[in-house]
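Protein chains: 2
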Amino acid sequence: MKNKVGRELPDRVEGYKEIQPYAGAFESLGDRVKTSVKVKSYVPGTKKLLSSIDEAIEKTGLKDGMTVSFHHHLRNGDQVVNQVMAAIAAKGIKDIHLAASGLFAVHEPLVKLIEDGVITKVTTSTFNPGPVAKAITAGKLKKPAVLMSHGGRPRAIESGDLHIDVAFIGAPTCDAFGNLNGTQGKSACGYVSYAYADAMYADRVVAVTDNLVPYPCCPIEITQEKVDFVVEVESIGDRNGIVSGSTKITEDPVRLKIASDTAKLVDSAGYIKQDMSFQTGASGTALAVASIVRDIMKERNIVGSFGLGGIHNYFVQMLEEGLFRALFDTQCFDLEAIASAGRNENHIAISGSQYANPHNRGSIVNNLDVVILGATEIDTDFNVNVITGSNGVIMGASGGHSDCAAGSKLAIIVANLTRKSFCVVRDKVTTVTTPGDTVDAFVTEHGIAINPRRQDLLEAVKDAGLPLVDIHDLKALGESLVGEQTPADLTDKIVAVVEYRDGTVMDVVKMPKEAAI
Amino acid sequence: MKNKVGRELPDRVEGYKEIQPYAGAFESLGDRVKTSVKVKSYVPGTKKLLSSIDEAIEKTGLKDGMTVSFHHHLRNGDQVVNQVMAAIAAKGIKDIHLAASGLFAVHEPLVKLIEDGVITKVTTSTFNPGPVAKAITAGKLKKPAVLMSHGGRPRAIESGDLHIDVAFIGAPTCDAFGNLNGTQGKSACGYVSYAYADAMYADRVVAVTDNLVPYPCCPIEITQEKVDFVVEVESIGDRNGIVSGSTKITEDPVRLKIASDTAKLVDSAGYIKQDMSFQTGASGTALAVASIVRDIMKERNIVGSFGLGGIHNYFVQMLEEGLFRALFDTQCFDLEAIASAGRNENHIAISGSQYANPHNRGSIVNNLDVVILGATEIDTDFNVNVITGSNGVIMGASGGHSDCAAGSKLAIIVANLTRKSFCVVRDKVTTVTTPGDTVDAFVTEHGIAINPRRQDLLEAVKDAGLPLVDIHDLKALGESLVGEQTPADLTDKIVAVVEYRDGTVMDVVKMPKEAAI
Numbered sequence: 000m001k002n003k004v005g006r007e008l009p010d011r012v013e014g015y016k017e018i019q020p021y022a023g024a025f026e027s028l029g030d031r032v033k034t035s036v037k038v039k040s041y042v043p044g045t046k047k048l049l050s051s052i053d054e055a056i057e058k059t060g061l062k063d064g065m066t067v068s069f070h071h072h073l074r075n076g077d078q079v080v081n082q083v084m085a086a087i088a089a090k091g092i093k094d095i096h097l098a099a100s101g102l103f104a105v106h107e108p109l110v111k112l113i114e115d116g117v118i119t120k121v122t123t124s125t126f127n128p129g130p131v132a133k134a135i136t137a138g139k140l141k142k143p144a145v146l147m148s149h150g151g152r153p154r155a156i157e158s159g160d161l162h163i164d165v166a167f168i169g170a171p172t173c174d175a176f177g178n179l180n181g182t183q184g185k186s187a188c189g190y191v192s193y194a195y196a197d198a199m200y201a202d203r204v205v206a207v208t209d210n211l212v213p214y215p216c217c218p219i220e221i222t223q224e225k226v227d228f229v230v231e232v233e234s235i236g237d238r239n240g241i242v243s244g245s246t247k248i249t250e251d252p253v254r255l256k257i258a259s260d261t262a263k264l265v266d267s268a269g270y271i272k273q274d275m276s277f278q279t280g281a282s283g284t285a286l287a288v289a290s291i292v293r294d295i296m297k298e299r300n301i302v303g304s305f306g307l308g309g310i311h312n313y314f315v316q317m318l319e320e321g322l323f324r325a326l327f328d329t330q331c332f333d334l335e336a337i338a339s340a341g342r343n344e345n346h347i348a349i350s351g352s353q354y355a356n357p358h359n360r361g362s363i364v365n366n367l368d369v370v371i372l373g374a375t376e377i378d379t380d381f382n383v384n385v386i387t388g389s390n391g392v393i394m395g396a397s398g399g400h401s402d403c404a405a406g407s408k409l410a411i412i413v414a415n416l417t418r419k420s421f422c423v424v425r426d427k428v429t430t431v432t433t434p435g436d437t438v439d440a441f442v443t444e445h446g447i448a449i450n451p452r453r454q455d456l457l458e459a460v461k462d463a464g465l466p467l468v469d470i471h472d473l474k475a476l477g478e479s480l481v482g483e484q485t486p487a488d489l490t491d492k493i494v495a496v497v498e499y500r501d502g503t504v505m506d507v508v509k510m511p512k513e514a515a516i
Numbered sequence: 000m001k002n003k004v005g006r007e008l009p010d011r012v013e014g015y016k017e018i019q020p021y022a023g024a025f026e027s028l029g030d031r032v033k034t035s036v037k038v039k040s041y042v043p044g045t046k047k048l049l050s051s052i053d054e055a056i057e058k059t060g061l062k063d064g065m066t067v068s069f070h071h072h073l074r075n076g077d078q079v080v081n082q083v084m085a086a087i088a089a090k091g092i093k094d095i096h097l098a099a100s101g102l103f104a105v106h107e108p109l110v111k112l113i114e115d116g117v118i119t120k121v122t123t124s125t126f127n128p129g130p131v132a133k134a135i136t137a138g139k140l141k142k143p144a145v146l147m148s149h150g151g152r153p154r155a156i157e158s159g160d161l162h163i164d165v166a167f168i169g170a171p172t173c174d175a176f177g178n179l180n181g182t183q184g185k186s187a188c189g190y191v192s193y194a195y196a197d198a199m200y201a202d203r204v205v206a207v208t209d210n211l212v213p214y215p216c217c218p219i220e221i222t223q224e225k226v227d228f229v230v231e232v233e234s235i236g237d238r239n240g241i242v243s244g245s246t247k248i249t250e251d252p253v254r255l256k257i258a259s260d261t262a263k264l265v266d267s268a269g270y271i272k273q274d275m276s277f278q279t280g281a282s283g284t285a286l287a288v289a290s291i292v293r294d295i296m297k298e299r300n301i302v303g304s305f306g307l308g309g310i311h312n313y314f315v316q317m318l319e320e321g322l323f324r325a326l327f328d329t330q331c332f333d334l335e336a337i338a339s340a341g342r343n344e345n346h347i348a349i350s351g352s353q354y355a356n357p358h359n360r361g362s363i364v365n366n367l368d369v370v371i372l373g374a375t376e377i378d379t380d381f382n383v384n385v386i387t388g389s390n391g392v393i394m395g396a397s398g399g400h401s402d403c404a405a406g407s408k409l410a411i412i413v414a415n416l417t418r419k420s421f422c423v424v425r426d427k428v429t430t431v432t433t434p435g436d437t438v439d440a441f442v443t444e445h446g447i448a449i450n451p452r453r454q455d456l457l458e459a460v461k462d463a464g465l466p467l468v469d470i471h472d473l474k475a476l477g478e479s480l481v482g483e484q485t486p487a488d489l490t491d492k493i494v495a496v497v498e499y500r501d502g503t504v505m506d507v508v509k510m511p512k513e514a515a516i
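So the protein lines, in turn, are chains A and B.
Under numbering that gives the first Met the number 0, the residues of the first sequence are numbered 0 to 516, in order.
Under numbering that gives the first Met the number 0, the residues of the second sequence are numbered 0 to 516, in order.
Hints are computed from structural coordinates only; laboratory data are not their basis.
As the structure is a computational prediction, the values presented were derived from the model and not from experiment.
Hints should not be assumed to be uniformly reliable.
Pairs count within a copy or across copies, as identical chains cannot be separated in the list.
As the list claims (entries may be wrong) - Restricting the straight-line Cα-Cα distance to at most 16 Å, the calculated cross-link-like pairs of lysine to aspartate or glutamate (EDC-like) are:
1. LYS58 / ASP30
2. LYS39 / GLU26
3. LYS141 / GLU483
4. LYS272 / GLU458
5. LYS419 / GLU231
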């Protein structure tokens, strides 16, 4: 069958639930049901503090075939996943479904567990290039990985599509009854937002902490009545690993031009105005856009309503300068953001569901004016790939990409048109992450392509002196510079299923021939 | 059938669910299920702001036979219940189940709606003496009222026992997408904790505000993805009505003696110590106990872990003096507490479920050391009545009474042994609210009775010079002073069912003959 973005999908995928093909960004809305939750209720006097992760595995009844979950706010510094999965493996437990909100290079030890059949399925929504992504690309998992968005994950948990048997929550600060926060302690990683759904819906919940404090832990992000057990460990990770890539404004002149044109587009479209809201990633180009927007806001005495998403130092500065009334934070991208979370009352933790779950009464992405997003590829229908390289190797997951594109009023993709022998515009992207119907503009060093579906936007900016260009012409230009692009050479083996935020299937990832074993 | 406290219950009560007799305070724990939730999911751009309560009634599809809910943090100043119920009545809607977390004298207009069949059932957990309580006592409701505890109400909502069709949430501050708080605005009433379960589990949720602020409302107590609609009204009530009774330390020498003996009991039992936790109501006697405990803590440089429950100015002072690390707040009892909620980071809002729901992984009452509670009657088995007077007229509901008694390490009842011709100790209380198995001591002006089940407590305080006395002797003494007590003269008509916090039936309230029509 073909879905709404023209992807051919098999009728079924072994090891994956029944396929619902993607049918349009807002086709699944309306009446929805959040699933029931199992809890063990405790008599007064019940102790939750256990002596080890081992004991937690025993007490939670963790066994073959179960789903265990983790959050990723310590990013490339996380040691909770590795410690817990090693303990699970040491007990001889097999066939685990690892539902981590994010996986990073630091999780390399999981590759062996995948090879050994300890882990047979992975579900994630943030994925950094590295050994685990490569192992999945190479088809080492028994069942295909499921790649979700940041809103799709809590949707899946809340709907029951993703049932968690045991959630392990890395807790930078925690008391003996499970009240915990992410903003204090030697391993403070910022708000642990993506773990909120796990704590609410998992059958059993274990807090793993390296900073056990007297009762009650204050402030409290996840409250005691959701936590079954608490385990103290020496270290839950290294917070310096949170900042993985560059989180500085780019100094590259080509990227600075892209940023400048992007800001000009946002401004001429009328979005730099009182009460504006804004999300950028932490890439050098996105931060450069934020920096220009910030200057314009200051110059015109504009106060925006909120900055959203992964929070970085530039947004903290904008909050503290009074340019935003609030920051809505799902994760901290740098140590300055973590400090701000502990300091600024209006730097507010939000759950993944509150952020971007499409199946509730309006998540915050629905209030978002402008989002600046990246791409590994974009096609002439404006479909965007952030999951695989053009060689078919997995190097990411949606994160908030498809969520923000769907919710925002103006979703802009920024990317260099060409890199070495590579052109970012394709006839068809290798993997669709974000449907073109939710993408409004694409800004490159060679011009700005506006999605023809946004005639209103084209009309609004037509006299602004922007270098507007048809996306087909961008493709032709790019190919004239670096040569025609050949699609990835893929096998038929499906190694991952790409879920849209509503749980429908947007695409599948097939194993590249060069990764075939 | 007879339940565990010896109350004879009918096999069934017309208009009430199947009766599960009370079987012991901790007999219903173990595996429990929180029910599924229906939501309407919204496309970006959906507006929530409606023009009137009338429109909200239409948009939510409110109709005959439905359950509507309210919170009671504006207490005797609330105008949300009256406004919404008047609008419902004006539309000709009948047979409404009113599930308000509390009802007060200010809700007198409901009596006519009960008489007219607009309201046919009432469920509540805070009840002040007054017209509505009298109307229910007089059997004017078609179905018996259900009286719950503060922990029992969220348990019932979360388990599905109490399904809410439409929740109306009085919101002292709110934005147009439903982010709201109770601590700001002209009608600031303090945290709206008891509405949290309603917002999470009701089919439709309406925020009613008299302070609509630019997006986003900060801080946020109830978040937008839980709210369907927002209605702006001129006033949600008068916050001066929050302080209904006296919230000052008693000056009555008899009560001061009770308070002093109570503090001495707590101290000699070893509970005034580092990390102690404490709950009192806002009665003059309870506040006098708090005041003495505070002096002892200061004198010994003791830092307690938390003060709990309805928060009053004395607890705020203790927090600000460093005598508690935190206050856990379910409602503010005075304006000073409201101001503190907005000012003190460690004055923390907690949901009713977090406070006292027995069917979760340990609510905060389970961490409570000492609670000081009142009584209208107590029997020689230490069962306590706070629901009816000895004439059978309803004058209260459990509130947190049975919750704290069950969770705390030391639950002390304080009361004058006699008032006029009345003796508080009975062979059998008129209505059981709190089972004697969860009550540890009873302090009167004529001595302290310790529950014989607490031999450890008797042992601990035996040399402290306390005026210890057997509860049977207290009864005999009381009756010798004011004469023998006669039980209320009751009809067979059941006007209310008293649910224990776990949803089992503790007792039924029968219409007194003097209230018979």
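Hint-by-hint comparison with the structure:
For the homomeric pair LYS58 and ASP30, the shortest alpha-carbon distance between copies (15 Å) is at most 16 Å, but the shortest distance inside one copy (37 Å) is not. In this assembly of identical chains, the alpha carbons of LYS39 and GLU26 lie at most 16 Å apart only when taken from different copies (13 Å versus 37 Å within one copy). Taking CA atoms no more than 16 Å apart as the test, LYS141 paired with GLU483 passes in neither setting, with 36 Å inside one copy and 79 Å between copies. Taking identical chains as interchangeable, the C-alpha atoms of LYS272 and GLU458 are never at most 16 Å apart, the minima being 19 Å within one chain and 72 Å between chains.
Taking identical chains as interchangeable, the C-alpha atoms of LYS419 and GLU231 are never at most 16 Å apart, the minima being 49 Å within one chain and 58 Å between chains.
Hint compliance for this structure: hints 3, 4 and 5 are not met, and every other hint is.
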